[in-house]
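With chain S fixed as given, assemble chain G onto it according to the hints.
There are 2 protein chains.
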Amino acid sequence: VRIHEVGEFGLIDRLAARLRHAPNGGNTGVVVGIGDDTAVLRYQPDHDIVATTDALVEGVHFREDTITYHNLGFKAMAASISDIAAMGGVPLHGLISIAIPSRMQVETLEEVYDGVAEMCNLFGCTVVGGDIVKTDGPLLINIALLGAVQRTKALLRSTAQVGDVVFVTGPLGGSAAGLALQCEHTDLVLEQSVREDLLRFHERPIPQVLAGQLLVQSDACTSCNDISDGLANELHEIASASGVSIRIQEEQIPIHPSVLQFSHRIGHNPYEWALYGGEDYQLVGTVRKHQLEIVQTLFREKSLPFYVIGEVTNPGSDVSIVSGRSTVPLEKRGYHHFR
Amino acid sequence: VRIHEVGEFGLIDRLAARLRHAPNGGNTGVVVGIGDDTAVLRYQPDHDIVATTDALVEGVHFREDTITYHNLGFKAMAASISDIAAMGGVPLHGLISIAIPSRMQVETLEEVYDGVAEMCNLFGCTVVGGDIVKTDGPLLINIALLGAVQRTKALLRSTAQVGDVVFVTGPLGGSAAGLALQCEHTDLVLEQSVREDLLRFHERPIPQVLAGQLLVQSDACTSCNDISDGLANELHEIASASGVSIRIQEEQIPIHPSVLQFSHRIGHNPYEWALYGGEDYQLVGTVRKHQLEIVQTLFREKSLPFYVIGEVTNPGSDVSIVSGRSTVPLEKRGYHHFR
Chain S
1 VRIHEVGEFG
11 LIDRLAARLR
21 HAPNGGNTGV
31 VVGIGDDTAV
41 LRYQPDHDIV
51 ATTDALVEGV
61 HFREDTITYH
71 NLGFKAMAAS
81 ISDIAAMGGV
91 PLHGLISIAI
101 PSRMQVETLE
111 EVYDGVAEMC
121 NLFGCTVVGG
131 DIVKTDGPLL
141 INIALLGAVQ
151 RTKALLRSTA
161 QVGDVVFVTG
171 PLGGSAAGLA
181 LQCEHTDLVL
191 EQSVREDLLR
201 FHERPIPQVL
211 AGQLLVQSDA
221 CTSCNDISDG
231 LANELHEIAS
241 ASGVSIRIQE
251 EQIPIHPSVL
261 QFSHRIGHNP
271 YEWALYGGED
281 YQLVGTVRKH
291 QLEIVQTLFR
301 EKSLPFYVIG
311 EVTNPGSDVS
321 IVSGRSTVPL
331 EKRGYHHFR
Chain G
1 VRIHEVGEFG
11 LIDRLAARLR
21 HAPNGGNTGV
31 VVGIGDDTAV
41 LRYQPDHDIV
51 ATTDALVEGV
61 HFREDTITYH
71 NLGFKAMAAS
81 ISDIAAMGGV
91 PLHGLISIAI
101 PSRMQVETLE
111 EVYDGVAEMC
121 NLFGCTVVGG
131 DIVKTDGPLL
141 INIALLGAVQ
151 RTKALLRSTA
161 QVGDVVFVTG
171 PLGGSAAGLA
181 LQCEHTDLVL
191 EQSVREDLLR
201 FHERPIPQVL
211 AGQLLVQSDA
221 CTSCNDISDG
231 LANELHEIAS
241 ASGVSIRIQE
251 EQIPIHPSVL
261 QFSHRIGHNP
271 YEWALYGGED
281 YQLVGTVRKH
291 QLEIVQTLFR
301 EKSLPFYVIG
311 EVTNPGSDVS
321 IVSGRSTVPL
331 EKRGYHHFR
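Protein chains in written order, with my numbering: chain S, 1 to 339; chain G, 1 to 339.
Next up, chain S with everything else stripped away, as it sits in the complex (with noise of 0.2 Å):
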């Protein structure tokens, strides 16, 4: 069915209805949802909120060759539910604004919004408004997303110390490693549980909420990044926001084995993804020394992956890697639009 065959509200009516299955927590703090000017929500009075904003546009941020529709709303929704993870936040309310190609069937958008309800009730959130407009462009897809934080505890990443050890959550350069396989080696045979590991890291990433409730929980975290543009970019941000000197072991970056699998059968360096790859959702940050182990615990009871890669050296702003014998500068360098 083409858009303009059901109009603008129908079509309203047919997106918001696949969002409305909220089994696991949802609508917790929606006192007005979708349907009015604005939706109304309560928030808790010991907890700050923390509010991000994200666009995906088609044929920069992802091609309908590389994923599918229903897993670009779940990617979509998990890369802002990602960043309240990084916050130590829990995610609760998100709008959605969509910029629909006329070409496109009211199917295909339902999968879309089909995928962002699935992402939405893994973490128990709740979409409570947005927008549906047209666009001569290619479709855009934005989502702001509100969370709640305790107060005063949000995590940022402009407070590392000298002296705080480096963590990350969970292996890294899967999701380029994914993007590889889907765009450059679509023809390599491949185990199928490798190529299934790929292609999940590539469009399904879990977005790390528990880790940043563990981390503010802990009150031993002093800075924390979710990795959207790569390792390197984030440890920079951090660096240069606390204005500290970080120094990382490559071989202590964690890479998945279906990765290390598919890196040696084309030629690849894997750390190249880990470093600048980016979208792998997992968290970086740091963790004070003496406290490293009470966190360490709190990750080992809820069976999460916690992995030191590194330490804060000094005041300054920039970062290096233990490669081998040698240490050098790690490259500022990410997913950046413009460049």
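Check each hint, because a few of them may be wrong.
Repeated chains share a single entry, so a pair holds when one copy, or any two copies, can fit it.
Said to hold, decoys possible - In silico SDA-like cross-links for lysine to any residue, where the CA-CA straight-line distance does not exceed 20 Å:
hint, residue 1, residue 2
1, 332, 13
2, 302, 216
3, 134, 58
4, 332, 6
5, 332, 240
6, 153, 35
7, 134, 7
8, 332, 35
9, 153, 31
10, 332, 272
11, 134, 63
12, 134, 334
13, 134, 64
14, 302, 124
15, 134, 59
16, 302, 291
17, 332, 243
18, 332, 12
19, 302, 206
20, 332, 9
21, 134, 60
22, 332, 7
23, 134, 101
24, 153, 45
25, 153, 44
Hints in this document: simulated from the structure, not taken from any laboratory.
Positioned in the frame of chain S, the structure of chain G alone reads:
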């Protein structure tokens, strides 16, 4: 200067700089603004949060030849503030996403952000975050905006009651008249003051935040919408959401003298603009008849206009208009996409 010459971070710095001046109550509730994974915001415990999102697309919602880039930013923010006003809320925290065609100049974008900043400063709200992405398509601006409203006092569209009177807070049709002047009658000789009025109505609408506040304060308002898609559409939304029938009087719809003068010159019915034009950003709603004088007194004390234009006649979901001696159904149309 072309966008690729300054890079993504250079562009963010330059645009964020335009938003930093907030003389008028700015930064209320901002714990962390632009520069981390998310903003961190603190609301008063006796307030609910109102949240809205609006996207504007070049070629669909605006054209370079009908509005300046400064006024585009001004109006984009006005549209979002107007949604907050319609709930009786105070606008506080904005998140701006912008998708930029590569042909655009940095200076042009700075004009847009100056316009956003001007509108923010009028109402003491602050831009706390955003996303800047490139696009192969048209310029797109999305503003998600949060505000505060007294807990349980938000003005809904679903709670109009039979017996209420219907009001609007100012003259209508001005925005559509200004657009008609820009698009179809650029060479028409008009008094300078009339021309300026019409262009101002179209390019620089002022959201009715104070009026929304007074309506909350009065405790007499039973429903409210902002007029973004034309009076007819907004009345139908209230009628449908509240399950009531509404009858308005054409001759009581306020039309600005400059709009009347222009309409006579070009032989156009000004009520057509008021009913179906949109983007006037006045408020329309209902108040209890026995409390009408309380509301009128509040508005008079603040020198704000307040016009009674009709009444809620009975249960139902339709809207009619008395025009001369005849009463006719009011068409449910306005500015809709995909029609």
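Honestly, which of those hints from before does the structure not fit? none
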